[in-house]
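Below are the chains, spelled out letter by letter.
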Amino acid sequence: MVASHLLGNVYNANGRSAVPLQDAGVVEEGRDLVKQFGELVAVDRVTVPIRRGEIGVLLGENGAGKSTYLKMLNGYLKPSGGTIYYEGKETRFGSARHAVRKKIYTIYQSSALIDLFTVKENMALSFPTKSSSELRAMIEKYGKDVDLNTRVALLSGGVKQRLEITRALESDAKVLLLDEPTSVLAYEERDRLFKDLQKLGEEKNLGILITTHKLRDVIDYCKRVTVLKQGKVVLQKLVSETSLKELTIAMFGASEDFEEATVAGGVRADETSKILDVEHLVVRGTYVQTAVQDATFSMYKGEILGIIGVAGNGQLELADAVYGLRKPLGGKIAPSGPILKQGRRLKIARVAFTTDDPVQVGLAPNLSVKDNFGISLVDQLSRGPFVKWDALEKFSDSAIADFEIKCDSPDRTLRELSGGNIQKVLAARELGRDVDILIATHPAKGLDLHTTLMVYRHILGMAKRGVAVLLISEDIDEVTYLSDRIGVMYEGKLSTVKSKKDWTKQEIGALMTGAHMVSGAASAT
Amino acid sequence: MVVLVSVLIGALLVTDAGQSPINAYTTIFTSTFGSTSRLVYTLSQSAPLILVSLGLVIAFKSSFWNGGGEGQMLLGGMTGVIVTYLSHQAGINSTPVLLFLGFAGAFVVSGLWASISGVLKVAFGIDDIVSSLLLSATAAFLVFYLVRVPFRAASTSTAAVLASVSIPSAAVFPSYGGLSGGFILAVAFAVVLYFVFARTKFGFRLKVLGDNKNTASAYFGKGYSNRLFVLASFLSGGFIGMGGMTMVSAFTYNIIAGASGGAYSAGGFTNSYGFIGIAVVFLVALDPLLAIAGAIFFATLVIGGLGLLVQLNIPSSLTITISGIAILFVSARIPITDRLRTIGRRK
Numbered sequence: 370m371v372a373s374h375l376l377g378n379v380y381n382a383n384g385r386s387a388v389p390l391q392d393a394g395v396v397e398e399g400r401d402l403v404k405q406f407g408e409l410v411a412v413d414r415v416t417v418p419i420r421r422g423e424i425g426v427l428l429g430e431n432g433a434g435k436s437t438y439l440k441m442l443n444g445y446l447k448p449s450g451g452t453i454y455y456e457g458k459e460t461r462f463g464s465a466r467h468a469v470r471k472k473i474y475t476i477y478q479s480s481a482l483i484d485l486f487t488v489k490e491n492m493a494l495s496f497p498t499k500s501s502s503e504l505r506a507m508i509e510k511y512g513k514d515v516d517l518n519t520r521v522a523l524l525s526g527g528v529k530q531r532l533e534i535t536r537a538l539e540s541d542a543k544v545l546l547l548d549e550p551t552s553v554l555a556y557e558e559r560d561r562l563f564k565d566l567q568k569l570g571e572e573k574n575l576g577i578l579i580t581t582h583k584l585r586d587v588i589d590y591c592k593r594v595t596v597l598k599q600g601k602v603v604l605q606k607l608v609s610e611t612s613l614k615e616l617t618i619a620m621f622g623a624s625e626d627f628e629e630a631t632v633a634g635g636v637r638a639d640e641t642s643k644i645l646d647v648e649h650l651v652v653r654g655t656y657v658q659t660a661v662q663d664a665t666f667s668m669y670k671g672e673i674l675g676i677i678g679v680a681g682n683g684q685l686e687l688a689d690a691v692y693g694l695r696k697p698l699g700g701k702i703a704p705s706g707p708i709l710k711q712g713r714r715l716k717i718a719r720v721a722f723t724t725d726d727p728v729q730v731g732l733a734p735n736l737s738v739k740d741n742f743g744i745s746l747v748d749q750l751s752r753g754p755f756v757k758w759d760a761l762e763k764f765s766d767s768a769i770a771d772f773e774i775k776c777d778s779p780d781r782t783l784r785e786l787s788g789g790n791i792q793k794v795l796a797a798r799e800l801g802r803d804v805d806i807l808i809a810t811h812p813a814k815g816l817d818l819h820t821t822l823m824v825y826r827h828i829l830g831m832a833k834r835g836v837a838v839l840l841i842s843e844d845i846d847e848v849t850y851l852s853d854r855i856g857v858m859y860e861g862k863l864s865t866v867k868s869k870k871d872w873t874k875q876e877i878g879a880l881m882t883g884a885h886m887v888s889g890a891a892s893a894t
Numbered sequence: 013m014v015v016l017v018s019v020l021i022g023a024l025l026v027t028d029a030g031q032s033p034i035n036a037y038t039t040i041f042t043s044t045f046g047s048t049s050r051l052v053y054t055l056s057q058s059a060p061l062i063l064v065s066l067g068l069v070i071a072f073k074s075s076f077w078n079g080g081g082e083g084q085m086l087l088g089g090m091t092g093v094i095v096t097y098l099s100h101q102a103g104i105n106s107t108p109v110l111l112f113l114g115f116a117g118a119f120v121v122s123g124l125w126a127s128i129s130g131v132l133k134v135a136f137g138i139d140d141i142v143s144s145l146l147l148s149a150t151a152a153f154l155v156f157y158l159v160r161v162p163f164r165a166a167s168t169s170t171a172a173v174l175a176s177v178s179i180p181s182a183a184v185f186p187s188y189g190g191l192s193g194g195f196i197l198a199v200a201f202a203v204v205l206y207f208v209f210a211r212t213k214f215g216f217r218l219k220v221l222g223d224n225k226n227t228a229s230a231y232f233g234k235g236y237s238n239r240l241f242v243l244a245s246f247l248s249g250g251f252i253g254m255g256g257m258t259m260v261s262a263f264t265y266n267i268i269a270g271a272s273g274g275a276y277s278a279g280g281f282t283n284s285y286g287f288i289g290i291a292v293v294f295l296v297a298l299d300p301l302l303a304i305a306g307a308i309f310f311a312t313l314v315i316g317g318l319g320l321l322v323q324l325n326i327p328s329s330l331t332i333t334i335s336g337i338a339i340l341f342v343s344a345r346i347p348i349t350d351r352l353r354t355i356g357r358r359k
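If you read the protein sequences in the order shown, they are chains P and A. Residue numbering for the first sequence follows the numbering used here, beginning at 370 and increasing consecutively. Residue numbering for the second sequence follows the numbering used here, beginning at 13 and increasing consecutively.
Next comes chain P alone, as it looks inside the complex (with noise of 0.2 angstroms):
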């Protein structure tokens, strides 16, 4: 039997892991991982077994490494150092398709199916000796409701989840590997997901391994859990024996009350400064019906309130909501207070970098950089029909100048630019706006440390100014360092919203990863 790793004691004195290797309860395993991009080290020495029978967990927030381990054991990426060990022996995968023919089957977040095809057709790929009817008597062994005419694209993410599960299950998969199946779904259909998981793993003797950030998959349904922290192995356990304040602390660092804010506190937040109300906000989601379920804050004049939760919980498209981009399924946001009484709209500005392209909303890549500057601020700057473009040459220059953006003549086309500096482009360009409102999503994603302050530093200007600020962040350090009050977002569901002091870093990550949602848990300090 192996024996239960304790925090801290993953590795003995050489190193290397202490699991035994003869046990033949594990059908896979990867030992002393190590995956290097270069000089980045995604992977650091991570040792994971996969038990038949038994649904495994690796946590992590995002960039932790556990994509990176997954695609190491199932072929996709070649170990830059550690050993494979499948089925007792070692092994290497020359090649993706070789995993699969060792009956290693992965299923990622994005759906493998055509989904040009229907149902019946993607399965007879895979079965092309499968009568139409034994087609269907699979397919309804692990559901009765697909229809097997519909064309793929249409079913929803968890049904497209549940065709790849039964396509490798009845391919006799010996080990299951899924990279955060929950994303996709529903919140619905993630008690189906792992249910099936649960019977199937165990009726067919399967290693299950899935990735996931949220605590309550891992509480819930998974038998033993390694938590991974910037490429390392942080805890490893059986569920059982641990909880969950020990994996928020694995996952997010000591606890400590924060310190006192850089930023002067004391921001009055009452209805002379109030801005903003929103109030059981409801927004449609790209992979799910609704992403934010049910969101209500008020924002108010000076002060910056920071909504966190990791990628995919619908912060992203409450964002949008507030600043226009997409239109609300339900309950309402409406100015009030005094711009009420001006009559006027709100002016909202908003630094956004969400995916790995610098070019999002907002820039135009063929222009030059200064035309890029003017697209907010033609407004602004302008006379009559005419764009008074000196007035724009100079705040170009001193944007340019204040965010030391590398670019030999504002005249250069965007896109010339490196990612980092069309970045810089659109920061200066809104943190330079006068605005009632400032939405600043992931304002330092992809910047160095000295940008990033930098940004910082004009954020904090702007609400000193009277901004109201709403900063959407996944970072804790972000998030505590610039807020006044923080909320929490979780599954589309904005938490109490309460000022700094009275958080601690450990009750957000909480929230973050959905601990306070595990039945039966307790208040999660």
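No lab work stands behind these hints: they were computed from the structure. A couple of the hints might just be wrong.
Derived, one-sided and incomplete: chain A residues facing chain P with beta-carbon distance under 7 angstroms [said to hold, decoys possible]:
#, residue
1, D139
2, F209
3, R211
4, N226
We put the beta carbon where it would ideally sit given N, CA and C, even for glycine.
We have chain P already, so just place chain A on it with the hints.
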């Protein structure tokens, strides 16, 4: 650079055909620029192409991919014929008035026609290239009908060639020392367009819309952006229509719907300017002022082709070939320079 390469390739072709390339190019040059009168003639001839190119500059800057230049030009020309003809019948005889009515009519009709594609795009997401091309064919057939039935010329000798009524002589564009007023008008419009794009909020917003629709929607409002797009399509068609009117008023005086004319060129009225204009604007990177020079270059090829035919017995298809090669290189240039730039950056 593109010009150079296509000219060189043309030279190779000529040599292959047994003639001296130097002879050929000299002929082109002399027949187009050889004397003041010829120079002036060439410049005048380029006027319609300039206007068409300006219309395409507006279109492409706003990402309205206007493939219907041919039809829009035909409609513009026909409208010009009809308006001036009827006005004259109604007793209007003054040249400025007739010209004004003709150009205004051409602008509005062609503009509306092009804006159909614009509306289809914003309202239903229908591809603008496809709709503008198909509508172009429709426009051509519409013009055919107008030429052959209601506005048929009084006397036609050959049954196969049908001409429309001619515009009244008062509606002919005056020339100044041989230089058609049309050229002056076209250059004036080019300057105005340059000014609009360089200095006005409207022009600026059009550029943003053309580059990133999402940005425009987010910062200018979705409704406004859509309306802006439709307006751009209208203006684009309008300029192209004016190009057609110039063709009629300064050169052809009527429209001939050849029985063998394809759907797109109605027996050669447009000289394929609707498509050549696309090459022009890409060659000059959508700059309104440079478009003047680009149009002159292509017009030269078209006219020089005639000189070749007359003097050296080289089929005018040589110049069409050079145009074609230029178009090829222009369209390839953008992906090629893109790739060169990315490679340069990666180093």
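Verification of the supplied hints:
no., hint, verdict
1, D139, "violated (20 angstroms)"
2, F209, "violated (10 angstroms)"
3, R211, "holds (5 angstroms)"
4, N226, "holds (5 angstroms)"
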